[in-house]
Amino acid sequence: MAKKNPQPELTDELRDEYRELLLDHIMKKCLWQFHSRAWDRERQNENILAMTTELLCGTEVSPATPDERCYYVDAFDLARAYRNKFTWLSELSTDQIREVMAALKTKLDHVTIHGSLNAELTDAHY
Amino acid sequence: MPYHLFKCSETIPEREKHAVIKGEGEDLTSALPLGYLNTIPGTLSERGCAYCGAKHVIGTPMKDVIHLSHGPVGCTYDTWQTKRYISDNDNFQLKYTFASDMKEKHVVFGAEDLLRKSILEAFEAHPEIDRMTIYQTCASALIGDDMEALAAEIMDEHPEYDIFVVNSPGFGGPSQSGGHHKINIAWVNDKVGTVEPEIKSDYVINYVGEYNIQGDQFLMHDYFRRMGIQILSTFTGNGSYDDLRAMHKADLNVLECARSAEYICNELRVRYGIPRLDIDGFGFETMAGALRKVAMFFGLEDKAEEIIAEEEARWRPELEWYRARLQDKKVCLWPGGSKLWHWANVIHEEMGVNVVSVYTKFGHQGDMEKGIARCETGALAIDDPNELEGMEAIEMLEPDCIFTGKRPGEVAKKVRTPYLNAHAYHNGPWKGWEGWVRFARDIYNAIYNPIHELSLLDISTGEIPTDVGFVTRQMLSDVNLPDEIRNHPEWREYTGDYDCVTPLMDREYPDYPFTRGEASDGEKEPAA
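Protein chains in written order, with my numbering: chain A, 1 to 126; chain B, 1 to 528.
It is worth saying that the hints were derived from the structure and are not from the lab.
A few of these clues could be false.
Pair by pair, the computed Cβ-Cβ distance ranges are [stated by the list, open to error]: (1) A:His25 to B:His488: 28 to 38 Å; (2) A:Glu46 to B:Phe171: 38 to 48 Å; (3) A:Gly115 to B:Glu148: 40 to 50 Å; (4) A:Asp16 to B:Met475: 42 to 52 Å; (5) B:Asp467 to A:Glu17: 53 to 63 Å.
Virtual Cβ for every residue (Gly too), placed ideally from N, Cα, C.
Only chain B is shown next, with the shape it has when bound in the complex (with noise of 0.2 Å):
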């Protein structure tokens, strides 16, 4: 087995078997980490926990929703703004967060009826909402406030009102990914099922496991649109409560992100028959073939072409014009869980750059499988890394760029190591084949931004030069480029606009197919 102890690692030596090189003709009998274990103690981890993952990662991108953490003011501000999954309802699930502001006196007393007052006042605020989640912190944990009694209570006192519970404190699992679990677990037993939703088209899908970050979900429910198919409910970016309490009435659940939300996925499938499709949205022929996937599902194939050929016609000029400039530059895609291996492969291909390493903050043995079986031979994977190694790694494989979180990648910043946000994303949206393109343009603006020339400048002693090292990024990304790539007449820089989204909401399209009967009036159940 290839495992890897880093040196700042040998007072912790259970970390060696967290870390693989995949050799040559290894395979995953071979060389996988281990993964989805508790963090060793002593390692800095990376990870955020339970209630992170239930709260901020699943629940909150859901727009419509008083999102409630019932616990200290912290742990709502800490998940609060710091991941951008914006939506068409002028980004209330954004604006706002709620707590029942949870004190040392609510630990001794109990704290039910301060979050009854919590609840009824966030409702009272904005009456525009009638829907509310409430997340279970580890202080809510430990004192055992029974949050489903209180909220049953308060939904019969206002049948107007939903509320849905989420038992996931922050000690409920190894890391955020236990939160993702429990949460869709819970949405599928509590809330699923409960809402008959109006079908309008013959090919209704659940999108899963996407959460709009920067705008992606507009993107990919442009296309399907464009193919005539609803999308019954996003889980969970600028996804609907109602039109997720409806999930199970799908015709396929199309999963993007396996990592948070295969459980779903799963429960729906043996509950209710729904498949489930697995797509890459990131990437042209990824995202070509997720299209022509998903409309041979539904015969739709001829919509699919037309929109690839017309997405390729647009946008392949302006991924080569940056794929001639990433050529053989060394990355390193290290973000929380899934995005190592959707990139893996097709960022290598479509782009040149070479992934030497991927690592997983809260993965499982399973994304280190793609991510692993996707990378070329040579890559260092790491789970569960703490910043040493992190520091290690870039010392050791001297990576032109790594994708992560901001607070690693501020660290990698002070080593000269450009980052771009793997989880937020720089200038997204970075899905789609716009997306695609967005994404090359700022990997090509970290490499080569001109502060890297000037940061090399010392200013501490005698005058600033003013004649040295003010340079363009592309007078130091053409330097070595042939003419024939440098002035290819067809290839050019992105040429689309700094807000791409924002006009797809007003876009306007053609009925969708619908004949296999009448839909139903939309009248939705009384909330459970």
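Okay, chain A solo, but in the shape it has when bound (with noise of 0.2 Å):
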């Protein structure tokens, strides 16, 4: 569902500005984000994200396993959080969500995994 009165331009700098707000967020507040392997990293990132940005834009989610269940009650949690907290959100196209999301997700598996400095997440073992 498209939100009222978008802002006229999302710029980079804003973009970013906005990204850096919500990452901090995560960092600060959930646990989701670091499991102890690269590929749970992966996992947990992609799917939690996905659904942030689909409830952040209105979109139902209707999560069928326990594995979704679980991304799920962490992303209503967090979609929760940044509509209290960020209240620019609600100023925002869904595009504009859409972008500022993937900016983040971008971000997030920069810091947690590929730019990350710990040296356990590529052990093969958990």
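Starting from the two chains in their separate frames, assemble the complex, guided by the hints.
In structure tokens form, the structure reads like this:
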């Protein structure tokens, strides 16, 4: 569902500013992004942020399996916190929300996976 | 990279990469110390060994088990009663500790006969207990006693017994964390799936990485039970051996201490398809978030909201009383592995204190990732600190209180820095709403303890002055508070009971919601 009164333009600068606010919340309040191995972090980041994006855009999400329900509760918790904390989200269009969330996903993957200094992420065993 | 080399460690330059100061604009791609590596020779580490990690941290909180160490008596003695993981069966696991008492002659001639005798003696001495864990130590590992074979023999001879063997000698890892790993994997390999449990509710969880320190698990159990959720097993505080053999039947693993128990959650997800949900049980906002998430997994949101509203109303005025008096106090979070990240953000936001340092004795880089991410800029993060580094950090940061273990804590007291026992707590529980207020009270009592005024008096010369230095905590804490804070009509000090957990054991709850079929008869499969 499209939001009313979208901002006329989401500049790169503004998108990055929003992205950092959203990222800071995840890093300070959440734990799901810090599973112990790279493949688990990829799975967590992908599924939870995808569902969060849909929730923020007003799209219904219907988790079917236990795994999906688990992603969903973290996504719902995150979307609720974002709405309460960042009132500017309600001013963005769904396309703009998707753009910000895509930037967030890229940055989160970088900080927790691809740019991470954690030497245990690629250990083949738990 | 913002590494920090302590002056006291200049002769151990490798230590530089084990400490960082989180600078402005830095993130985990630029500020993360090394971790989970062998302690550098020459540094006086505060770590425990892998045997301690397996036995003392993970194994012995199991309540209905004889915990027997196959080794010298000192190994079991030194890991006995230093951590208050209580239980609802009269604390059997705290009252007793068992050892085969190996001596030099057994190292030469073997100790399997001694172990057999010890196992049978222990079972005979406690006929009410028919479950046992046996912990390998350095000595028994080095001589190669086949503990599994012996345990299998005894279980064949006595089918009523079930025995779990943990091969985690002290040298089996960089720290106690190596032992956490070994016992996690051994339990899921050897014991999970060997008992079919009685399912009583439509909503069934394993509560993992919870050790019931001073009753944490009792509080958390109360919340889950009020929502109608059955805790099938707790890994391992107040946990029952046979319940933990049935972990494969839960719908969800709720994980608290990921440092010590994420391995078994990961394996349960891969092998049995049980998802893993990480929660924080410390703090009001985090506790509410945890209940909301678990509730939402099962569709019990209304139940969670009822509990959250009730607990908030009961405890918020008391947390605010302490928050007003702890504002801007500097604290160091120096626990073992996980509490640095459980506490780092929420203690700053909900108690008003500033976290100036985090350290971990045995944590991995993953723990530092969480801790550093949750700290504010300027915090000093240290991996596997040594005692001198701790002292230097205290001099540099001048904290008002540090939360750590007894050994470094007692050292800190010598330089008049109060400490709280981060491992076993002072006056816990510290989880849940009431627990968080008790934690705030402990911090308040530590920082404003009048002993710090008295200890400044020099009584070595002349008469002991009796007219100075005698104050109360509140005289110290309230001296600069404005009237509206000091006399706030709603805020108050902690009003709970000295023992807030024993009454929970007798609390009555409605029947579990159970619609998915007849409960099993609860019979256990024969011991493996």
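Hint check:
Range check, His25 of chain A to His488 of chain B: about 30 Å between beta-carbon atoms, so the 28 to 38 Å window is met. A hinted range of 38 to 48 Å holds for the C-beta pair Glu46 of chain A and Phe171 of chain B, which are about 40 Å apart. The given range of 40 to 50 Å is respected by Gly115 of chain A and Glu148 of chain B, whose C-beta atoms sit roughly 43 Å from each other. Against the hinted window of 42 to 52 Å, the Cβ-Cβ separation of Asp16 of chain A and Met475 of chain B comes to about 50 Å, which satisfies the hint.
At about 59 Å, the CB distance of Asp467 of chain B to Glu17 of chain A agrees with the hint of 53 to 63 Å.
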